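From first to last, the protein sequence lines stand for chains U and P.
Quick note: the first sequence uses my numbering, first residue 1, plus one each step.
Quick note: the second sequence uses my numbering, first residue 146, plus one each step.
Note that these hints are calculated values from the structure, not bench results.
Any given hint might turn out to be false.
[To be verified] Derived lysine-lysine pairs resembling DSBU-like cross-links, with alpha carbons at most 35 angstroms apart:
hint	chain 1	residue 1	chain 2	residue 2
1	P	Lys469	P	Lys203
2	U	Lys84	P	Lys157
3	P	Lys469	U	Lys84
4	P	Lys284	U	Lys58
5	U	Lys84	P	Lys243
6	P	Lys321	U	Lys84
7	P	Lys157	U	Lys38
8	P	Lys203	U	Lys84
[What the hints assert, rightly or not] These stretches of chain P come out as covered by chain U in the derived footprint (C-beta under 8 angstroms, 3 or more residues):
hint	region
9	155-161
10	197-204
On a predicted model such as this, the values are computed, not experimentally measured, just so you know.
Even glycine gets a Cβ: it sits at the ideal position worked out from N, Cα and C.
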Amino acid sequence: MSDQLVERGPNLLQIREQLLDLFGAQLGVYILPSGATKPAFWITGGGKGQHRVPPDWKIRGIEAVLQRRPVRQGLGGIGTIIAKRIWSLTFVCYDSTQTLDDIDLLIFRAFPDAQRRPRPATDDTYEQLNVELPDVVTIQPTQLT
Amino acid sequence: MADFAIGGSIHKANRSLLRMVIPTLPNRYFATRDGAGMITLPTLATGQAYIEMQGITKCGFKVDDREEEFRLFGDDGWFDSVTTASKLSASCESFFMKNIEVPGGSTVPEIRGDYSEDFAIVERSRYDKDYEVYFEILKEMGRAQGSTGNFIYDFAGFNGVIRGYNDPSASESLTKITFDVNSRGRPVFGRYDAGATPLSIGAIQSTQLATAASSGTRRWATSPVDNASAVAVSAAITVTYTIDGTAALTQLALPPTGGGGFRLENASSGIQILAGVALASNVVTITPAASLPAATILRLRVADGAIQQSVDASNNASANGVRKSLQGFSTTFRTA
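Make the full structure from the sequences, and use the hints.
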């Protein structure tokens, strides 16, 4: 990635690390066909078919899904572009013996300005929590050519 | 590609370049303006470079002309006037900006515990009331012949002092600060021809040079070595900078503020042990004022910027370059 396309803030991998540090212990696991397990944290949109976990994976417990591309809103800026990035994160609790209460509180403590929208479980859906994490960065404007 | 974007006839603020230089008092910088209104930039002193102001959300300036009115007899009663004094006043709004550096060999910026290069200048005005800064504001206007020709900028340049720093810090919002700039001396306005290459605007200002103990081209070695034990209480403490573990790193200097970035302290209490700091070639020697305490774990903290290197635009050592900070580190050892 060229310097001009670098945003002055954490990249996707750093965001993932930060979030896993925050609530990784609360997450469930993906169970791969081989029987191996991975933390149930999925980043969508990496390419064709990457919008969800492979169909032959199983999920146990709580899953977190992060949208790969944040929504960017310009906040103005002189000599640079100041942008608010909003990362969209969704938790789904597939285990009826668990709740998203702890994760909700962990998110609130770490990101008090995040928008949190809990959705209780219904007869047809699992409990969900949608979170929008704000993150302000500066970006280099397009250069004249 | 030419700048034919919709609305391109109106200048957009993000396509401005605000930059500063810290002159060595009592010198000031002045651009010159020719009869056609074209600007020649001042020649910066060796070791000085422009620092971009980034994170600025407002920067308005106005020219305050003081006029004295008078009337001449026989002029049918019409007023006339003369400008008796003039100054430029700027009012800026910015965010409290943290330092971001791109480590050597990486394209991923990292935030380090320091002010950004530009904000460090602004914050210094909080206590240093006679701290003059040379400001330039350049607005992109495009190429001289549309899609070809040199890149032309509107130019305003002036020396000034930062006044009225204000940090309201409202809870649950971004930390914004405001400050004013009052000019000293004559501001210069006009058009600046940057030549065939446009000025870079908004790039990451990575002014810190990465260091490591045993890799890269800026290495440090300490004596005593890290985790050494049974170190004599009279032992000399040194930090040696090299390019490969052997050959000396050149063009090093302590910053203008001195050797305070090299801090020797008790590792458990953090209490500082008074010591002198001296640089000779590529070796920094830390000389405690008294014998070191016995059977104690000590830590040498070398802060970011505790030592600087003069480098050219490619970050190669250069006597005529600009000073950049070397990345810091810390090491511990135990006395006998």
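>> Flag every earlier hint the structure violates by its number, smallest first.
In response: 4 and 7
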